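2 protein chains.
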Amino acid sequence: MPQLRIALAQVDAVVGDLEGNAKIVLDRCREAAAQDAHLVVFPEMMLTGYPIEDLAMRASVIQASRELVETLAVDLQAQGLGDLVVYVGHLDRAEGVADGPGVPKNAPTNSVAVLHGGRVVAKQAKHHLWNYGVGDEMRTFVAGHTINVVQVHGVDVALAICEDIWQEGPSAAARAAEASLLVVPNGSPYEANKDDVRYDLVSRRAREGDCTVAYVNTIGGQDELVFEGDSIVVGPTGDVLARGTQFAEELLVVDLDLPAATPRMPDPQESFGGLRIQRTIVSSEPLPAYEPRPAEVRDRLDDLGERYFALVTGLRGYVEKNGFRSVLMGLSGGIDSTLCGAIAVDALGADRVFGVSNPSAWSTEHSRSDAADLADRTGLRLDTVPIASILDSYEELLELEGLAEENLQARIRANIWMALSNRDGHLVLACGNKSELATGYSTIYGDAVGGYAPLKDVPKTLVWELSRWRNAHAETQGQQPPIPEHAIAKPPSAELRPGQLDSDSLPPYEVLDAILDAYVDRDLGYDDVLAEGFDPEVVKRVVALVDRAEYKRRQYPPGPKISRRNFGRDRRVPITNRWREHA
Amino acid sequence: MPQLRIALAQVDAVVGDLEGNAKIVLDRCREAAAQDAHLVVFPEMMLTGYPIEDLAMRASVIQASRELVETLAVDLQAQGLGDLVVYVGHLDRAEGVADGPGVPKNAPTNSVAVLHGGRVVAKQAKHHLWNYGVGDEMRTFVAGHTINVVQVHGVDVALAICEDIWQEGPSAAARAAEASLLVVPNGSPYEANKDDVRYDLVSRRAREGDCTVAYVNTIGGQDELVFEGDSIVVGPTGDVLARGTQFAEELLVVDLDLPAATPRMPDPQESFGGLRIQRTIVSSEPLPAYEPRPAEVRDRLDDLGERYFALVTGLRGYVEKNGFRSVLMGLSGGIDSTLCGAIAVDALGADRVFGVSNPSAWSTEHSRSDAADLADRTGLRLDTVPIASILDSYEELLELEGLAEENLQARIRANIWMALSNRDGHLVLACGNKSELATGYSTIYGDAVGGYAPLKDVPKTLVWELSRWRNAHAETQGQQPPIPEHAIAKPPSAELRPGQLDSDSLPPYEVLDAILDAYVDRDLGYDDVLAEGFDPEVVKRVVALVDRAEYKRRQYPPGPKISRRNFGRDRRVPITNRWREHA
Chain A
39 MPQLRIALAQ VDAVVGDLEG NAKIVLDRCR EAAAQDAHLV VFPEMMLTGY PIEDLAMRAS
99 VIQASRELVE TLAVDLQAQG LGDLVVYVGH LDRAEGVADG PGVPKNAPTN SVAVLHGGRV
159 VAKQAKHHLW NYGVGDEMRT FVAGHTINVV QVHGVDVALA ICEDIWQEGP SAAARAAEAS
219 LLVVPNGSPY EANKDDVRYD LVSRRAREGD CTVAYVNTIG GQDELVFEGD SIVVGPTGDV
279 LARGTQFAEE LLVVDLDLPA ATPRMPDPQE SFGGLRIQRT IVSSEPLPAY EPRPAEVRDR
339 LDDLGERYFA LVTGLRGYVE KNGFRSVLMG LSGGIDSTLC GAIAVDALGA DRVFGVSNPS
399 AWSTEHSRSD AADLADRTGL RLDTVPIASI LDSYEELLEL EGLAEENLQA RIRANIWMAL
459 SNRDGHLVLA CGNKSELATG YSTIYGDAVG GYAPLKDVPK TLVWELSRWR NAHAETQGQQ
519 PPIPEHAIAK PPSAELRPGQ LDSDSLPPYE VLDAILDAYV DRDLGYDDVL AEGFDPEVVK
579 RVVALVDRAE YKRRQYPPGP KISRRNFGRD RRVPITNRWR EHA
Chain B
39 MPQLRIALAQ VDAVVGDLEG NAKIVLDRCR EAAAQDAHLV VFPEMMLTGY PIEDLAMRAS
99 VIQASRELVE TLAVDLQAQG LGDLVVYVGH LDRAEGVADG PGVPKNAPTN SVAVLHGGRV
159 VAKQAKHHLW NYGVGDEMRT FVAGHTINVV QVHGVDVALA ICEDIWQEGP SAAARAAEAS
219 LLVVPNGSPY EANKDDVRYD LVSRRAREGD CTVAYVNTIG GQDELVFEGD SIVVGPTGDV
279 LARGTQFAEE LLVVDLDLPA ATPRMPDPQE SFGGLRIQRT IVSSEPLPAY EPRPAEVRDR
339 LDDLGERYFA LVTGLRGYVE KNGFRSVLMG LSGGIDSTLC GAIAVDALGA DRVFGVSNPS
399 AWSTEHSRSD AADLADRTGL RLDTVPIASI LDSYEELLEL EGLAEENLQA RIRANIWMAL
459 SNRDGHLVLA CGNKSELATG YSTIYGDAVG GYAPLKDVPK TLVWELSRWR NAHAETQGQQ
519 PPIPEHAIAK PPSAELRPGQ LDSDSLPPYE VLDAILDAYV DRDLGYDDVL AEGFDPEVVK
579 RVVALVDRAE YKRRQYPPGP KISRRNFGRD RRVPITNRWR EHA
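Residue numbers (my numbering), protein chains in the order written: chain A, 39 to 621; chain B, 39 to 621.
Be careful, since some hints might not be right.
Pairs involving identical chains hold if they fit within one copy or between any two copies, as the list cannot separate such chains.
[Stated by the list, open to error] Straight-line Cα separation of at most 20 Å, DMTMM-like style, residue types lysine to aspartate or glutamate; simulated pairs:
{"id": "1", "residue 1": "K528", "residue 2": "E69"}
{"id": "2", "residue 1": "K143", "residue 2": "D608"}
{"id": "3", "residue 1": "K143", "residue 2": "D555"}
{"id": "4", "residue 1": "K61", "residue 2": "E105"}
{"id": "5", "residue 1": "K143", "residue 2": "D561"}
{"id": "6", "residue 1": "K232", "residue 2": "D340"}
{"id": "7", "residue 1": "K528", "residue 2": "E588"}
Just so you know, the hints here were simulated from the structure itself, not pulled from any lab data. None of these values were measured; they are calculated from a predicted model.
Let's have the full structure, built from the sequences with the hints guiding it.
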């Protein structure tokens, strides 16, 4: 059988940085060539980054991407890399599609170009537009109608783009076209356990298509989305031939033995399932036999480790890609801000992380000592600005008590963080968790203040689990656990009035999070939630809290999605909404 | 020709209030029957309100809507209204469509049911899903594949649902089916000049279909969207037979002479353009001749009046549907908050509007006197809480100057508004305009604070125009102009440092707004903006400001869309985005 050495470029493309992304392509192609690879595959929408949302419809962006992919082919050739066959995702335009109602402006396509010998030798646009969950591709793209089969060193290579492989069709098409390799560039966001689902899918498609599947995913953080990489090569029997690292850039080089292409006459009518099959021959001669190298099959992270690194990757992406030097957060000594501090130190290094303790009259002694302990363990910088005198200055002018007074304390703290941010250029982090955000148990313009919210999609029970995981992980590495045990063990409190505990206002977090998983993550109605065995009064209370807090969530900063259904891109419900799940 | 008296129910359905919306249907049907109407048409998604976003995919909501439409038919009959033929928009489920990737969960449809004689006699689901601009229907609905023709008193009546009529097809289908009346229930949001576009469209479809078109639109505010009504009946020659009021509920009753249906044998294979034609005969006998009544053709508002009432309608909808008793806003004496105050008084009445003046050391005397003048003219309640002592209390603890100090003043004001909101239950209004939001010329967690932002989609130059329009409108009504002339005439200033003017930081508003119209509303790239004749340096500066302020816009409250492209549902770009229009 002919051999082929392929390189999967699992890289972090930055949205909108077309020149920078092209440089990544050149650099990784040079690296692939140095390792004698023949074919290199980059992720979906490599040149623009992914997702670019409505930028896909702007004529200037389309034009730039179309020109750049041609320039890139020339540059590769000029750098002596013209022999490589390079698959590059980019933004293209479907010619001949008129604009009009229902057709995205400028008829953009989510395309992949195949570069070789200084030219674009083939182009294919995504067939199945991703339009559920966090995907909105029917808004911005038109679908493609060709299947491109490129013959490389005597091997027929077919192409499917991300969502295409989640739908029926591409492996049948590859089989019909008698391709023995199916390359799949992706921008597939992380969510818990998706790596298992993804492996099952890729493996099934390989068996269905009787072909090898090379699945390349991007990595990095982009606003609410985190990409984990997890690129994978699966043989026609469904066995894993290579698998990339999670949450890191990598060039995964894999040697394959692939059935030779069937010699055939050109047939302009060739099609499958309504898609036209376009064939391009780059080289029909198999390579002389060479000694294959063993490929990497990286270990998986465990379930908690995977989520922890997703949070780190999301925060790092937001900070670095937006050019912030440092982050600042309020450190209350509570477990949410403590875990945020640990994540920030892991993402950025301790010298870029600033904490502020803002004790009030109701703050406990341990709120200060736990924050100080975190600073000692991690090396982050901790300052203290007490708020009692500022609160007094408001209360000299306004008569306040109860909730109004409690919230004002949280807002004074936020003013201090924002003043320090304005003065010193820090990005402020909001440290609230998903359970709070779901129930509205947070102060808008108070603890909800920030440019990014690392724990936005992390329920409170998972906050504790991740904290314990992080400490245990440190121990396996022979390092000091970053998170003070007392911050994990103490009962949660907002400390906005004397002796206040979260359990005064909310059901126990174990119960709350289970109900939220049913009502929010799985979108069940009242009867279906009840059927899982919860107390009806508690369910009613939780559902009412969630429904009433939608306005707060709309003004909350973005944070990394790690669950099946995050607040933000995933769950889209009206604010003005009188629907109640129970009468 | 047979006669038919139709009633267009231009009503305000509340999202999620299924029982309340069903009661509106019963009440309006009683009113229509009292006026001897034969056929009543309600807007798109009448029973659930529109748009319901992801609620469309929740099984409990679908089930409730499906059951309610059946109950409603029985209730109409029980109330002696069974002879009416009633078109009611509702959420339905497509039977036989499997769930899976790319198919919305529970296969919901945007449907219209035809009720008569205590039963649902026909159902049709929308063919063309609205998926551009502020529409996301491909996310939540599956498309229908039937055209339902219902014969009523010897007249064949066809149906198209909102977006269907914007696409080619429905009038050709009506013509092919030989229907002489096409009813079109809509949930078509307001934007400037859309009434003219809508009239042209409806008129063209009537001529193409050689039929009368009865276009019924909802009215009211729903989060970012405002519906203006503007229901219209157009004859087969394109002439307007009746037209409803803008921005008010109304039952528009119209007598029509319509060609009689052609007698035909049932044909289960009848179809057009891939859609199956389903015929239902409610009554084939034409009515005995009766004396027709003249129909209303209401005057149009002028361009500014239309926008003003859109803002009033949007605010009123948000306040009433969310159950707020009152609104509160900071009144700086500037034109933005002054116009907001006038809009709030028009929307809610003066006794529900509270203003707070928060003078600082840098506030001018006229900032107080202009706010007091507004209060005198409109009757809204004005309180004063100075902020200097509070600012001092922060500055005793933090060394701040420049931007950090300026922003802190705005945030102290916001804390005071929120404390009063928490204490007294007011909805806080953010008074910023679209030009500020575009350029980031506002303080996040400061003047950007609020639950609703009436001027979010109003550029600064339009703020002045609307203020002048409102005063002139008062004069035509013999009332005192609500807006102090000095607030309109004075140069705009944030008053966050001595002598500060907006023109220190921004280009003149006439220039700025023209560039924003090109870059934001029309989504042009740099070269295309320049081609309109602006100074390149000014364009670069404005484009850079817009690009950098995306993070602030994401945390801004919702406000009513009145332009072709609002910040929010319409313009969706990444925060993390290195694309720059100029190199």
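So, going through the hints one by one against the coordinates:
no. : hint         : in the structure
1   : K528 to E69  : neither (51 Å within a copy, 63 Å between copies)
2   : K143 to D608 : between (24 Å within a copy, 13 Å between copies)
3   : K143 to D555 : between (38 Å within a copy, 17 Å between copies)
4   : K61 to E105  : within (15 Å within a copy, 59 Å between copies)
5   : K143 to D561 : between (33 Å within a copy, 10 Å between copies)
6   : K232 to D340 : within (12 Å within a copy, 55 Å between copies)
7   : K528 to E588 : neither (29 Å within a copy, 39 Å between copies)
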